[in-house]
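Model the full assembly from the supplied sequences, consistent with the hints where possible.
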Amino acid sequence: MKIVKTGMAGTLESSDVMITVRDNNGKGIEIHLQSIVEKQFGNQIRKVVQNFLERFSVEEGLIQINDRGALDCTIEARLAAAVYRAAGKSDYDWENL
Amino acid sequence: MAKLRRTMLYVPGNNAGMIKDAHIYRSDSVMFDLEDAVSVNEKDTARFLVFKALKTLDYEGIETVVRINSIESGFGEEDVKAIVRAKPDVIRLPKTETADDIHEIESLIEREEKNCGYETGTVALMAAIESPLGVLNAYSIATASKRLIGIALGAEDYVTCLKTTRSPGGTELLFARSQILNAARAAGIYALDTVYSDLNNEEGFINEIKHIKQLGFDGKSIITPRQIEPVHRIFAPTEKEIEYARKTIEGIREAEKKKSGVISVDGKMVDKPFVERAERILELAKASGVLKDEKEGEND
Amino acid sequence: MNNPEESLFIKNPDERTLIIIKQLLEENSLTYEPDIEETLLINIEGEAAATGSISGNVLKCIAVNDKFKNRNLTGNLLTQLISREYQKGNTDLFLFTKPGNREIFRQLGFYPVHEIRDNVVLMENNPSGLTGYVERLIRETEEKKAEGKRIGCIVVNCNPVTNGHLYLIEKASSESDILHLFVVEEDRSVFPFSVRYNLVREATQHIKNIVLHSGSNYIISNSTFPSYFIKDTKTIVDLHARLDLGIFSEKIAPALGINKRFAGDEPLCPVTSNYNRFMSEILPSKGIEFEIIKRLENEGEPVSASRVRNLLVSGDYEGIKRIVPEATYNFLVSEKGNRIKEILEQRKGR
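Chains as they are written, first to last, in my numbering: chain G, 1 to 97; chain P, 1001 to 1300; chain H, 2001 to 2350.
Derived from the structure by calculation, the hints contain no laboratory data. It is possible that part of the hints are untrue.
[As the list claims (entries may be wrong)] Okay, derived cross-link-like pairs now, SDA-like style, lysine to any residue, Cα gap no bigger than 20 Å in a straight line:
{"hint": "1", "chain 1": "H", "residue 1": "2069", "chain 2": "G", "residue 2": "36"}
{"hint": "2", "chain 1": "G", "residue 1": "89", "chain 2": "P", "residue 2": "1040"}
{"hint": "3", "chain 1": "P", "residue 1": "1087", "chain 2": "G", "residue 2": "96"}
{"hint": "4", "chain 1": "G", "residue 1": "27", "chain 2": "H", "residue 2": "2134"}
{"hint": "5", "chain 1": "H", "residue 1": "2088", "chain 2": "G", "residue 2": "88"}
{"hint": "6", "chain 1": "G", "residue 1": "5", "chain 2": "H", "residue 2": "2057"}
{"hint": "7", "chain 1": "P", "residue 1": "1055", "chain 2": "G", "residue 2": "92"}
{"hint": "8", "chain 1": "P", "residue 1": "1087", "chain 2": "G", "residue 2": "15"}
{"hint": "9", "chain 1": "G", "residue 1": "2", "chain 2": "H", "residue 2": "2091"}
{"hint": "10", "chain 1": "P", "residue 1": "1081", "chain 2": "G", "residue 2": "94"}
{"hint": "11", "chain 1": "P", "residue 1": "1055", "chain 2": "G", "residue 2": "56"}
{"hint": "12", "chain 1": "P", "residue 1": "1055", "chain 2": "G", "residue 2": "27"}
{"hint": "13", "chain 1": "P", "residue 1": "1055", "chain 2": "G", "residue 2": "15"}
[As the list claims (entries may be wrong)] These stretches of chain G come out as covered by chain H in the derived footprint (C-beta under 8 Å, 3 or more residues):
{"hint": "14", "region": "16-30"}
{"hint": "15", "region": "63-70"}
{"hint": "16", "region": "90-97"}
[To be verified] Computed list of chain P residues with no C-beta within reach of chain G, every gap over 12 Å:
{"hint": "17", "residue": "1014"}
{"hint": "18", "residue": "1016"}
{"hint": "19", "residue": "1017"}
{"hint": "20", "residue": "1085"}
{"hint": "21", "residue": "1089"}
{"hint": "22", "residue": "1115"}
Yeah, the Cβ is synthetic: ideal placement off N, Cα and C, and Gly gets one too.
Rendered as structure tokens:
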């Protein structure tokens, strides 16, 4: 999926995550992670995000993750929503989500 | 043994924290709400969140229900696509007015089950009736689909349509409650009562639970975990009821042993309805923790 | 989940609500600012628990009642403010806060842009906001293939561009090897940014050593410099000028090698003359020379954009022609120019 605008999903409430996806001006994927559990789970969160981006062929984007202790499935849900919003698409691929 | 549906806890569909912890309060069912609890701007994000939660999290046997948006809202069809695939126990359709509403949603669910390769009927259906027309059509709604496991009253819109408001005694809801209950019983499905939203009026809440229990409802929707305990407590059978139910069941066993068609308890003849009620009371007693059953680990 | 909490967005608060908001702000040593468009108020059990406001793409006047400090209300508040901005189409957001709160907001996804020690820190939600802008400026400069040691800069609003501006730009360009020309992007002027920018480009085409840039959010914008745009104020807020000039002299000028800034003298507009005074105080201390160029006069009056706007309202196109470049004149007599004339007439009529 191609990122054409800024898309955001999620909240800064506890157990949630706010994810913003922006166009990265031709510089590939860039992930900015801010997490209250970064030390323990930072790598795991990055893995979840990278995995999703690969699965959905997102090759370019500035991904900003503000994690408030979200479960992996919450991170995926918020990322999916943000990516679809940033791609301006609503033909959701539920089978692969 | 029949499933208990005393308490169905509303969980806002866009609240990650509450979705994560929905089952820890041990209501009989949890209901993830994609409809009124989610603003129009967040319909997509809530759908993703509930979808992923259902696919990933273990709700430890607690029944999962998703209240989707109506088809005419423009969000319902996508809700069905996502939610059927995520396989909750039940989809709840809001604002049901006619049997055709049920047929419409049923065909969408069926199509999606086929798409996903699930057996037809994997996801059960529940209909909320929230308008005068829906109340009048309660029986035809209740019998519109084999999938239907229950019908529920949604009172907030309904009382507005009636040109009245909700009162502590609930006089204005008596007709709708009786009609829905009667329709559900005639159709052999569950009858579920509306929410009680005045959190500061505990006495009013208790009175309402007693009232709907007496009418015959199986339970009600609740909006906070705090409401679970009072409902379960009031729905719990008394010692006297349990004792009588026990004797009834023993009576059956006795009669079966003797190959006799007649059951008597305390010297009085009992027949089939008594037996059913006795089973229900013992099940309720077990679920309420009033009674410890010999047969542990039985799960619906 | 069992405390009745309600959130309200308020556009024009009534007197009672305004007192409540102001009181909550005062308890946190903040004031209710005049350019607020909308205020979010969170009440818990009928008591004001937290507030935050929106002005353009800036979040400000954020305060949480001490009594409710441990409930992550800042996160809740910020979520609602950010969502509101996104709904309005604003995705690059800024916020002002005290340096003591910098870490709280950093954890909530905001990155520091610039800080005035012990006073205020400007933060943004885009991790590559300012850095991305600076990269763009460098790219624009490289495309121009300009070289030299005397690297000048001038910031113009050009509402619309006049011979006065042109004189200023030509003078500055003659004293520079490269002249970076920034057009203020904030759309608060009657001539929209795209019109102002294009007219400047056309009018300066003959000057070869100019690199034209848009001012973005980082040069005299509502984000860095709110008091510049507040109507009816005679002075700008000291802090805002320091922020704006801090970003310029520490982040933008070094990246482009700018060592001199030019400005027109400003006998008429108090806000601009105030800003000039700040530049003359601050820039030299950061190693950037500052020069004020005397305005071009015509018939005993300075040639200014406001004079052009006045002539436009009275329909004196001959008068306009004498003091604007051809591009501006052609625009003003076009249909689009006429629409701006109508807007100006309406404003005058009020």
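Going through the hints against the structure:
The suggested pairing of residue 2069 of chain H with residue 36 of chain G holds, with an alpha-carbon distance near 18 Å, which does not exceed 20 Å. As the CA atoms of residue 89 of chain G and residue 1040 of chain P are separated by approximately 17 Å, the hinted pair is consistent with the 20 Å bound. Pair hint residue 1087 of chain P plus residue 96 of chain G holds up; C-alpha atoms about 15 Å apart against a cutoff of 20 Å. Under the criterion of a C-alpha separation no larger than 20 Å, the hint pairing residue 27 of chain G with residue 2134 of chain H is consistent with the structure, at around 15 Å.
Restraint check: the Cα-Cα separation between residue 2088 of chain H and residue 88 of chain G comes to about 16 Å, which is no more than 20 Å; the hinted pair holds. Between residue 5 of chain G and residue 2057 of chain H the alpha-carbon distance is near 17 Å, which keeps this suggested pair within the 20 Å criterion. Our distance criterion of 20 Å between C-alpha atoms is met by residue 1055 of chain P and residue 92 of chain G, whose separation comes to about 16 Å. A hinted pair counts as satisfied when its Cα atoms are at most 20 Å apart, and residue 1087 of chain P with residue 15 of chain G does not qualify at roughly 23 Å.
Our distance criterion of 20 Å between C-alpha atoms is met by residue 2 of chain G and residue 2091 of chain H, whose separation comes to about 18 Å. Simply put, residue 1081 of chain P and residue 94 of chain G have alpha-carbon atoms about 8 Å apart, close enough for the 20 Å limit, and the pair holds. As the CA atoms of residue 1055 of chain P and residue 56 of chain G are separated by approximately 18 Å, the hinted pair is consistent with the 20 Å bound. Using a Cα cut-off of 20 Å, the hinted pair residue 1055 of chain P and residue 27 of chain G is violated, with the two alpha carbons roughly 34 Å apart.
Using a Cα cut-off of 20 Å, the hinted pair residue 1055 of chain P and residue 15 of chain G holds, with the two alpha carbons roughly 18 Å apart. Residues of the region 16-30 of chain G lying with their CB closer than 8 Å to a CB of chain H number 6, which satisfies the three-residue condition for coverage. Counting residues of the region 63-70 of chain G whose beta-carbon sits less than 8 Å from any beta-carbon of chain H gives 3, enough to reach three: the coverage restraint holds. Counting residues of the region 90-97 of chain G whose beta carbon lies closer than 8 Å to any beta carbon of chain H gives 0, which falls below the threshold of three, so the coverage claim is violated.
Not every CB of chain G lies more than 12 Å from the CB of residue 1014 of chain P, the least distance being 8 Å, so the non-interface label is violated. For residue 1016 of chain P, the condition that its CB be more than 12 Å from all CB atoms of chain G is violated, with the nearest at approximately 4 Å. The claim that residue 1017 of chain P is not at the interface with chain G is violated, since a C-beta of that chain comes within 12 Å of its own (minimum 4 Å). With 12 Å as the threshold on Cβ separation, the claim that residue 1085 of chain P sits away from chain G is violated: the shortest Cβ distance comes to roughly 5 Å.
Distance check for residue 1089 of chain P against chain G: the nearest CB is about 18 Å away, which clears 12 Å, and the non-interface claim stands. With a minimum CB-CB distance of about 8 Å to chain G, residue 1115 of chain P fails to clear the 12 Å threshold, and the non-interface call is violated.
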